Amino acid sequence: MSKNSEFVKFDKVDKSYDGKVLVVKDLNLDISEGEFITMLGPSGSGKTTCLMMLAGFETPTNGEIYLDSNPISNIPPHKRGIGMVFQNYALFPHMTVYENLAFPLKVRKIAKDEIDKKVDKALSMVSLTGFENRMPGQLSGGQQQRVAVARALVFDPAVVLMDEPLGALDKNLRESMQYEIKHIHESIGVTVVYVTHDQGEALTMSNRIAVFNDGKVQQLSSPDKLYEEPVNSFVAEFIGENNTFQGEVSDISNGKCKVKLKEGEIVANPINVKSKGDKTTVSIRPERALINPTKKLDNNYKGKIEEVIYHGDHTRVRLNVLGNSEFILKVPNSSQNLDIKLGNIIDISWNSADARALDPK
Amino acid sequence: MSSETNKILTTDGIPLEESLKKAEKKNKIKAFLLVAPLLLFLIITYVFPIGDMLFRSVDDRMVTNMLPKTFKAMEKWDGKELPDEEVFEAFYLDYKKLVEEKTFGKLATQLNYEKNGFKSILKKLKRKMKKFEEGNYKEQIMEVHKRWANVEYWRALKRRTPAYTYSKYLKGVDMYENEDGKIVQVPEDRRVHKILWVRTIEVAFFVTVLCFLMAYPIAHLLATLPMKYSNLLMICVLLPFWTSLLVRTASWMILLQQQGIVNDFFVWIGLISDDNRPEMMYNKTGTYVAMTQILLPFMVLPLYSVMKTISPSLMRAGKSLGGTPFVAFWKVYFPLTIPGIGAGCLLVFILAIGYYITPALVGGASGTLISNQIAYHMKSTLDWSFASAMGLMLLTGVLVIYWIYNKLVGVDNIKLG
Numbered sequence: 024m025s026k027n028s029e030f031v032k033f034d035k036v037d038k039s040y041d042g043k044v045l046v047v048k049d050l051n052l053d054i055s056e057g058e059f060i061t062m063l064g065p066s067g068s069g070k071t072t073c074l075m076m077l078a079g080f081e082t083p084t085n086g087e088i089y090l091d092s093n094p095i096s097n098i099p100p101h102k103r104g105i106g107m108v109f110q111n112y113a114l115f116p117h118m119t120v121y122e123n124l125a126f127p128l129k130v131r132k133i134a135k136d137e138i139d140k141k142v143d144k145a146l147s148m149v150s151l152t153g154f155e156n157r158m159p160g161q162l163s164g165g166q167q168q169r170v171a172v173a174r175a176l177v178f179d180p181a182v183v184l185m186d187e188p189l190g191a192l193d194k195n196l197r198e199s200m201q202y203e204i205k206h207i208h209e210s211i212g213v214t215v216v217y218v219t220h221d222q223g224e225a226l227t228m229s230n231r232i233a234v235f236n237d238g239k240v241q242q243l244s245s246p247d248k249l250y251e252e253p254v255n256s257f258v259a260e261f262i263g264e265n266n267t268f269q270g271e272v273s274d275i276s277n278g279k280c281k282v283k284l285k286e287g288e289i290v291a292n293p294i295n296v297k298s299k300g301d302k303t304t305v306s307i308r309p310e311r312a313l314i315n316p317t318k319k320l321d322n323n324y325k326g327k328i329e330e331v332i333y334h335g336d337h338t339r340v341r342l343n344v345l346g347n348s349e350f351i352l353k354v355p356n357s358s359q360n361l362d363i364k365l366g367n368i369i370d371i372s373w374n375s376a377d378a379r380a381l382d383p384k
Numbered sequence: 072m073s074s075e076t077n078k079i080l081t082t083d084g085i086p087l088e089e090s091l092k093k094a095e096k097k098n099k100i101k102a103f104l105l106v107a108p109l110l111l112f113l114i115i116t117y118v119f120p121i122g123d124m125l126f127r128s129v130d131d132r133m134v135t136n137m138l139p140k141t142f143k144a145m146e147k148w149d150g151k152e153l154p155d156e157e158v159f160e161a162f163y164l165d166y167k168k169l170v171e172e173k174t175f176g177k178l179a180t181q182l183n184y185e186k187n188g189f190k191s192i193l194k195k196l197k198r199k200m201k202k203f204e205e206g207n208y209k210e211q212i213m214e215v216h217k218r219w220a221n222v223e224y225w226r227a228l229k230r231r232t233p234a235y236t237y238s239k240y241l242k243g244v245d246m247y248e249n250e251d252g253k254i255v256q257v258p259e260d261r262r263v264h265k266i267l268w269v270r271t272i273e274v275a276f277f278v279t280v281l282c283f284l285m286a287y288p289i290a291h292l293l294a295t296l297p298m299k300y301s302n303l304l305m306i307c308v309l310l311p312f313w314t315s316l317l318v319r320t321a322s323w324m325i326l327l328q329q330q331g332i333v334n335d336f337f338v339w340i341g342l343i344s345d346d347n348r349p350e351m352m353y354n355k356t357g358t359y360v361a362m363t364q365i366l367l368p369f370m371v372l373p374l375y376s377v378m379k380t381i382s383p384s385l386m387r388a389g390k391s392l393g394g395t396p397f398v399a400f401w402k403v404y405f406p407l408t409i410p411g412i413g414a415g416c417l418l419v420f421i422l423a424i425g426y427y428i429t430p431a432l433v434g435g436a437s438g439t440l441i442s443n444q445i446a447y448h449m450k451s452t453l454d455w456s457f458a459s460a461m462g463l464m465l466l467t468g469v470l471v472i473y474w475i476y477n478k479l480v481g482v483d484n485i486k487l488g
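Protein sequence lines, in the order shown, are assigned to chains A and B. Per the numbering used here, residue 24 is the first one in the first sequence, and the count goes up by one each step. Per the numbering used here, residue 72 is the first one in the second sequence, and the count goes up by one each step.
None of these hints come from the bench; they were simulated from the model. Keep in mind it's a predicted model, so treat the numbers as computed, not measured. C-beta atoms are modelled at their ideal positions from N, C-alpha and C, and glycine is treated no differently. Be aware that a few hints might be false.
[What the hints assert, rightly or not] Below, a list of computed lysine-lysine pairs in the DSSO-like style, where the Cα atoms sit at most 30 Å apart: (1) B/Lys97 <-> A/Lys43; (2) B/Lys199 <-> B/Lys177; (3) A/Lys140 <-> B/Lys402; (4) B/Lys402 <-> A/Lys102; (5) B/Lys140 <-> A/Lys144; (6) B/Lys253 <-> B/Lys186; (7) B/Lys140 <-> B/Lys209; (8) B/Lys186 <-> B/Lys147; (9) A/Lys129 <-> B/Lys402; (10) B/Lys299 <-> B/Lys242; (11) A/Lys48 <-> B/Lys299; (12) A/Lys102 <-> B/Lys379; (13) B/Lys402 <-> A/Lys141; (14) B/Lys97 <-> B/Lys78; (15) A/Lys248 <-> A/Lys194; (16) B/Lys140 <-> A/Lys132; (17) B/Lys379 <-> A/Lys129; (18) A/Lys135 <-> B/Lys402.
[Stated by the list, open to error] For each label pair, taking beta carbons as the anchor points, the in silico distance ranges come out as: (19) A/Gln161 <-> B/Leu292: 30 to 38 Å; (20) B/Leu316 <-> A/Gln161: 42 to 50 Å; (21) A/Glu310 <-> B/Leu303: 42 to 50 Å; (22) B/Val269 <-> A/Thr119: 36 to 44 Å; (23) A/Gln161 <-> B/Tyr473: 27 to 35 Å; (24) A/Gln161 <-> B/Ile85: 35 to 43 Å; (25) B/Asp83 <-> A/Gln161: 53 to 61 Å; (26) B/Ser301 <-> A/Val44: 22 to 30 Å; (27) B/Val106 <-> A/Gln161: 32 to 40 Å; (28) B/Leu316 <-> A/Thr119: 44 to 52 Å; (29) A/Pro355 <-> B/Ile85: 52 to 60 Å.
[As the list claims (entries may be wrong)] Non-contacting residues of chain B with respect to chain A, defined by C-beta distances greater than 12 Å in every case (computed): (30) Ile85; (31) Pro233; (32) Ala388; (33) Ile421; (34) Ala446; (35) Ile472; (36) Asn477.
Build the full structure now, drawing on both the sequences and the hints.
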């Protein structure tokens with residue numbers, strides 16, 4: 024079975040609520056069948072609006088959304104057959120778990136014994152068998168969450184939308200639910216569109232991530248690419264930790280560029296810079312900068328330790344390098360031999376390929 | 072001694088319960104003192120008057136105390152034939168004393184409630200009594216008026232023997248205890264109260280239904296509109312609420328009368344002809360219209376407060392799961408508003424069942440309710456015990472409705488705001 028790579032397609036979608044500000048600008052996004060795609064972005068970036076347009080609760084101001092090649096702008100939400108998990112679960116508080124799950128099946132006029140079977144299956148999928156007669160109010164947050172997931176899947180929708188479903192859970196529960204949702208997705212192969220502002224969540228769960236900012240998709244790629252190869256300074260800043268230097272390109276050749284800073288100069292990988300004189304932000308991931316390297320790399324500097332914070336599995340070290348006193352390093356706790364003490368001056372270096380010269384902030 | 076050993080002790084060896092009580096005692100006293108003024112106020116203004124009303128509605132000691140000897144003598148009388156000399160003599164002595172104290176008028180009024188015609192023969196007796204000779208009072212009294220020789224009147228007198236009576240309650244439902252001690256209905260042409268009870272319940276019921284039908288969409292709008300519009304709408308709901316009841320009722324009189332604005336408008340648009348203007352007030356229509364408008368906020372507010380708490384995502388969930396907007400509303404939204412519906416209906420119904428000013432002003436003869444009858448007995452006939460009895464019947468009715476509601480929906484589910 025060949026999978027449709029344009030199962031859900033946003034085609035030049037604009038959205039404005041008040042006719043003055045565009046919340047979503049020229050959105051073009053293809054989601055393939057069976058994919059787990061995450062819309063990630065800060066609040067107000069337009070990600071939830073996109074989800075609501077897909078669910079049918081908002082209409083695009085311009086452009087069209089296609090589901091399995093059919094335009095859906097004029098189809099009301101209840102005919103779209105899209106399952107949805109809401110931020111606050113939106114379980115019907117006056118119905119038992121069974122009735123909640125049976126609701127989408129009943130409105131589809133499915134026979135009673137068929138409903139029972141499907142509800143059983145959905146409940147066992149989220150390991151809540153035996154909870155049929157509980158009211159949502161009698162369940163814990165995590166259990167309610169699972170019921171909401173089961174309810175969104177019980178009628179075998181082609182697409183399931185999840186709008187920050189784990190936002191209300193505590194950290195441990197959130198992590199275990201992340202895996203659970205991921206496993207459910209893997210086992211039934213449904214297309215999932217997931218909205219979150221939590222980058223950790225996005226990185227663990229998704230096949231692809233669309234990073235939203237200011238109504239636009241900044242980058243759409245797999246989690247590892249997003250982290251390793253951010254295409255602009257917003258993505259670099261938003262995903263993971265990031266050390267930055269502001270400067271100006273002084274030379275660009277052979278896939279490398281020299282960036283002149285206020286103090287000194289670094290060799291970087293030109294991503295968003297074209298020519299000499301461009302302003303740029305150079306981004307280096309903390310774990311890519313090494314202390315006392317055994318091998319010579321093309322960037323070598325000295326840094327003064329300004330702060331040491333113990334984090335259990337690693338130690339965060341704040342250095343002053345090239346006039347940037349916010350330079351963070353992560354030192355694994357196994358490397359005992361290093362002399363990390365406040366005020367010490369240490370050698371650090373990184374590969375120019377890991378120092379990405381992006382657009383200026 | 073397991074209970075002894077199970078007792079938990081504090082570190083100082085005092086039983087935990089005792090220690091806790093001691094620690095909380097001060098707070099409890101403080102709390103009680105804080106509510107004490109209110110409690111006292113409630114007792115004085117609420118419990119005491121209602122108790123007094125209950126007492127007044129059954130209290131019949133006045134007649135009993137006025138004729139002590141008569142009722143004592145009557146104990147032996149079987150009520151079949153005319154009583155014997157002993158009763159007549161006792162009655163003569165009691166009555167003479169009342170005449171001397173100049174309180175016989177009250178007796179005449181009370182006995183006349185019991186049986187028509189008592190007043191005149193008592194007055195005649197008073198006049199003739201001065202010339203009575205000692206002894207053989209039976210013949211002398213019977214000579215005053217032929218009704219004194221009628222056993223019915225003596226039976227009526229005997230019926231007033233008990234110090235407490237439920238006859239006012241019977242009267243409230245158009246019944247009475249006849250000469251044989253049986254409870255029967257009054258003649259058909261005098262059954263006024265039953266009509267009023269039925270009409271009161273009917274009006275209260277339909278006003279509740281009308282209020283519900285109108286308030287539900289309003290409350291829904293209020294709960295879902297953006298703040299700036301919903302505030303304006305809220306003011307529109309509350310503005311009449313802040314206006315005097317009398318002013319509102321009077322404005323309905325201006326609107327609804329035959330030469331009023333509504334009729335004028337209907338004539339103007341040609342819906343009705345000028346010489347055929349319908350009566351829209353001084354009948355039940357007027358009562359319905361004015362009461363519905365006046366009680367509407369009592370339905371809107373509880374509904375609004377419940378709807379405000381219903382997350383819009385529930386309706387969305389209903390729709391995204393495949394329910395049409397109607398199904399989502401009926402299966403998801405509506406059941407969640409039931410606490411508000413219950414509170415609103417209960418409030419409106421209870422207020423409507425005891426409504427007084429509006430029916431009195433716009434109700435006319437066919438639109439007055441039981442409370443108007445109560446007021447009439449309070450102010451005009453001065454039969455306070457009857458008014459109390461009807462008031463208590465109304466109160467009991469409300470309590471019964473409350474009880475039924477509690478059984479059906481559960482009072483805990485009520486949300487008033």
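Hints versus structure:
1. B/Lys97 <-> A/Lys43: violated, 63 Å
2. B/Lys199 <-> B/Lys177: This hinted pair holds, its Cα atoms lying about 19 Å apart.
3. A/Lys140 <-> B/Lys402: Cα-Cα ~22 Å, so holds.
4. B/Lys402 <-> A/Lys102: holds, 17 Å
5. B/Lys140 <-> A/Lys144: violated, 89 Å
6. B/Lys253 <-> B/Lys186: holds, 16 Å
7. B/Lys140 <-> B/Lys209: holds, 15 Å
8. B/Lys186 <-> B/Lys147: The hint holds at about 22 Å.
9. A/Lys129 <-> B/Lys402: holds, 11 Å
10. B/Lys299 <-> B/Lys242: Violated, at roughly 56 Å.
11. A/Lys48 <-> B/Lys299: holds, 28 Å
12. A/Lys102 <-> B/Lys379: holds, 27 Å
13. B/Lys402 <-> A/Lys141: Satisfied, since the Cα-Cα distance of roughly 21 Å is no more than 30 Å.
14. B/Lys97 <-> B/Lys78: holds, 24 Å
15. A/Lys248 <-> A/Lys194: With Cα atoms ~26 Å apart, A/Lys248 and A/Lys194 stay inside 30 Å; holds.
16. B/Lys140 <-> A/Lys132: violated, 83 Å
17. B/Lys379 <-> A/Lys129: holds, 28 Å
18. A/Lys135 <-> B/Lys402: holds, 18 Å
19. A/Gln161 <-> B/Leu292: 30 to 38 Å: holds, 33 Å
20. B/Leu316 <-> A/Gln161: 42 to 50 Å: holds, 46 Å
21. A/Glu310 <-> B/Leu303: 42 to 50 Å: Once the Cβ atoms are compared, 57 Å apart, the range 42 to 50 Å for B/Leu303 and A/Glu310 is violated.
22. B/Val269 <-> A/Thr119: 36 to 44 Å: holds, 42 Å
23. A/Gln161 <-> B/Tyr473: 27 to 35 Å: holds, 29 Å
24. A/Gln161 <-> B/Ile85: 35 to 43 Å: For B/Ile85 against A/Gln161, whose Cβ atoms are near 39 Å apart, the range 35 to 43 Å holds.
25. B/Asp83 <-> A/Gln161: 53 to 61 Å: violated, 41 Å
26. B/Ser301 <-> A/Val44: 22 to 30 Å: holds, 23 Å
27. B/Val106 <-> A/Gln161: 32 to 40 Å: For B/Val106 and A/Gln161 the Cβ distance comes to about 34 Å; the hint holds.
28. B/Leu316 <-> A/Thr119: 44 to 52 Å: holds, 46 Å
29. A/Pro355 <-> B/Ile85: 52 to 60 Å: holds, 57 Å
30. Ile85: holds, 39 Å
31. Pro233: Fine: 54 Å to the nearest Cβ keeps B/Pro233 off the interface.
32. Ala388: violated, 4 Å
33. Ile421: holds, 26 Å
34. Ala446: Given that every Cβ of chain A is farther than 12 Å from that of B/Ala446, nearest at about 44 Å, it holds.
35. Ile472: holds, 24 Å
36. Asn477: holds, 19 Å
Comparing the model with each earlier hint shows violations of hints 1, 5, 10, 16, 21, 25, 32; every other hint is respected.
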